[in-house]
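Take the sequences, apply the hints, and build the full model.
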Amino acid sequence: MNEPFDDLNDFRNAAWKVMNVPLRRMPRVSLATVDQLGAPQLRTLVLRGANKHDGTVELHTDAASQKVPQLENDPRAAVLIWDETAMIQIRLMGDITIKSDASLSNIWDQLPSVTQGNYGVMPPPGSKIAAGDNYSRKADAGKFAILELKIQTMDLVQLQEPSHRRALYDQSDNWGGQWLAP
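The numbering used here applies: residue 1 is where the sequence shown begins, and numbers increase by one.
Any given hint could turn out to be false.
Unchecked claim - Restraint ranges, calculated between C-beta atoms of paired labels, are given here: (1) ARG137 / ASN9: 40 to 48 Å; (2) THR97 / ASP133: 30 to 38 Å; (3) ASN9 / LEU159: 15 to 23 Å; (4) TYR135 / GLN36: 18 to 26 Å.
Don't read these hints as lab results, they were simulated from the structure. If you're wondering where the values come from, they're calculated on a predicted model, not measured in any experiment. Note that CB positions come from ideal geometry on N, CA and C, so glycine has one too.
Structure representation (structure tokens):
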């Protein structure tokens, strides 16, 4: 059992530690966007990287997926991370930049071939198909895209009996934190 956080800086640093895990333990995270009709859309992705200095997190996606035009239309997004060990919920809100050009070839080349197959699914992700297995996976570097969330706010909750903790951090306040009621 972890002790509850009493220091805002320690709490924020613990969140960055959760986000900077070894590649073999990359956490599954939820990405929330808004579609062209204004409806919320939520899906699970793998957190591929976090940069505390830049205040960013990185996710990978198939450029043909529906989330790409959603983010081109409205770059605002949220990422939700839950760490079972630390009992910390991390909500990150900000704008996403989509990167999908030849400059990503170095990153593409480092991906395992089984992972590369996730980029280039035919028909494109979200298309109607006749049966559950009626699609093909063919690695296509041209369908590989990186979603980089520039974090504007970070909302942390630690579930810890007898006293939960919650704090909000804002990039515009140089990541100054404020305790909130959980």
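Margin query: Flag every earlier hint the structure violates by its number, smallest first.
Written below: none
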